[in-house]
Each structure stands twice: as C-alpha cells, then as structure tokens.
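Q: Here is what each chain is made of, one letter per residue.
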Amino acid sequence: MSIYDFTAKTNSGEEKSLGDYKGKVLIIVNTASKCGFTPQYQELQELYDEYKAKGLEILGFPCNQFGAQEPGSNEEVQTFCRRNYGVSFQIFAKGDVRGETAHPLFQYLTREKKFEGFDEAHPIAAKLTEALKANFPEYLEGDGIKWNFTKFLIDREGNVVKRFEPTTTPKGMKEDIEKLL
Amino acid sequence: MVKVYSISNCPWCDKVKKYLKSKQVEFTECNIEVDEAALDECRKLTDDDAVPVTTADGKNFVLGFDKAKLDALLGLSS
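Quick mapping for you: the protein sequence lines, in order, are chains B and V. Just so we're on the same page, the numbering used here is the position in the first sequence counted from 1, plus 5. Just so we're on the same page, the numbering used here is the position in the second sequence counted from 1, plus 533.
What the hints contain is simulated information worked out from the structure, not anything from laboratory work. The structure displayed is predicted, hence computed values, not measured ones. Fair warning: there could be bad hints in the mix.
To be verified - Here are the computed lysine-lysine pairs in the DSS-like style, where the Cα-Cα straight-line distance is at most 25 Å:
hint, chain 1, residue 1, chain 2, residue 2
1, B, Lys59, B, Lys27
2, V, Lys600, V, Lys556
3, V, Lys548, B, Lys132
4, V, Lys536, V, Lys602
5, B, Lys132, V, Lys602
6, V, Lys592, V, Lys536
7, B, Lys99, V, Lys548
8, V, Lys600, V, Lys548
9, V, Lys600, B, Lys132
10, V, Lys602, B, Lys138
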C-alpha cells in the first residue's frame, strides 16, 4: 500500500489519482471548510508560492467535522468564514477525515504517523485541548485527526515523513520541507 | 432594515441569524455566493471576502459573530 494508490475527488468533481503526484514533495492537509483556523490557509499559499517551482504540491481536504466549534473566543480564533478559499493549490471535495467515515487516505496517513501531542508553545494549544475536552473528548484518544490543519509531509518517493499538528504553523514546516526538495 | 451578508455552510452566519432572531431583529439575508450584486455591495463595504457581515446603514458593519459588537451596532441591550 502506498500513498499513490489512493484517489480522491477534487472540488470540481473529477476523480484524481494521487499517483499523478509521484516525484513531488507533498503536503496533505485537512482544511477548515471556509471557517475557523483560517490564517493557515494564507501561510500554506505562501509556502506554495515559494516552493512550487522546486516541486512542492499542496493537497487540501476541506472537512467540517471540526468546523462549527471554536476553541475559544480570543482574537486568534476567527468568527467568520470566507467566500473563497483564496488559494491556488489543489482543493479536494469536502469529506470526513476522522472516524469510520474518514477518507481512506486519512486512515492511511494517521496509521503511518501517529499523534504525538500538540506543540504546547503555540498560543492555541491550551485552548484547543480545552475545547476538545469539552466538546469532543473522544477526539483526544488515539491517533485520529484532532482538528483542522493537521499537515502530513510526504517525500518524493511517497513516504509519510512527518505529521504536524494544528499547533505547528505552515511556516514552521519550512526546514523539513527544504530537506526534501 | 438590517442586512446580513452570508454564504452557504457558514456556521458563524447561522449564529448571527439565530442571535438576531432571538433579539427580535428583523433582517434580510444576502448570500454572496449566489447574489453577485450583494457580493459587490459587501466587498465595497468591508474591502474583504469574509462573512457574516451585519449592517443597518450600509456604512457601519460588524464582521463575524460578536454579540457585544452586534449589540452596539444595532443598539440592543444585552
């Protein structure tokens, strides 16, 4: 089983094989569906602009399993949604990324790279943990996706190299991306 | 008349609408994903693409779901 064996529907409805991305460095990320932890969209786009020519592709999978729940009412958490995702990388059709209904790709990714905790230094970490405890305590168990913007980094051979929790910003992945390019 | 600019599948838009209803505020809703004239209006007002946007006079507005700001904008008592 390899990452290249999976297919997924794009947001325009066509079935795309991940085999089309052979030889590229990939970031596979579950995104918020237009709402929530949105600054990461912009940072992902910045990574894409910077590294696309060197062979980076970003695959975004919108999911609203976490969408309507806010991890706190502070300034970092936005209380609005955007009309457009405002990004030029590939967005796939909306679907589930955790539980029995999760896209098989995410079942594979979370088996390959387990949950190793949030980066407690990130300002949102404590609030996120609190919100999960209050609203989705079962999400804290096991290796499933915890929240929007969990990022998986894939090398040019299709190996799942690293998992970054929502508490690592896309910019914080730069060193690891550069190693693979 | 109070106007709420929204998009589909937007939990924050739903929260604003629900809140206004709970305060017996009458409003019209404009979905900027389907109504291009409303999209233009909303963009001119906020210089952005984000919703929900609530306005009463087409000049002052609140972006997002923020009860305190909505109360202030619409003169509601909390």
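Q: Next step is simple, just say for each hint if it's right about the structure.
A: Against the structure, the hints come out as follows:
1. B:Lys59 x B:Lys27: Measuring from Cα to Cα gives roughly 14 Å; hence the hint holds.
2. V:Lys600 x V:Lys556: holds, 11 Å
3. V:Lys548 x B:Lys132: holds, 21 Å
4. V:Lys536 x V:Lys602: Holds - the C-alpha atoms of V:Lys602 and V:Lys536 are around 15 Å apart, at most 25 Å.
5. B:Lys132 x V:Lys602: holds, 23 Å
6. V:Lys592 x V:Lys536: Holds, because 11 Å separates the two Cα atoms, which is no more than 25 Å.
7. B:Lys99 x V:Lys548: holds, 22 Å
8. V:Lys600 x V:Lys548: Satisfied, since the Cα-Cα distance of roughly 10 Å is no more than 25 Å.
9. V:Lys600 x B:Lys132: holds, 20 Å
10. V:Lys602 x B:Lys138: violated, 29 Å
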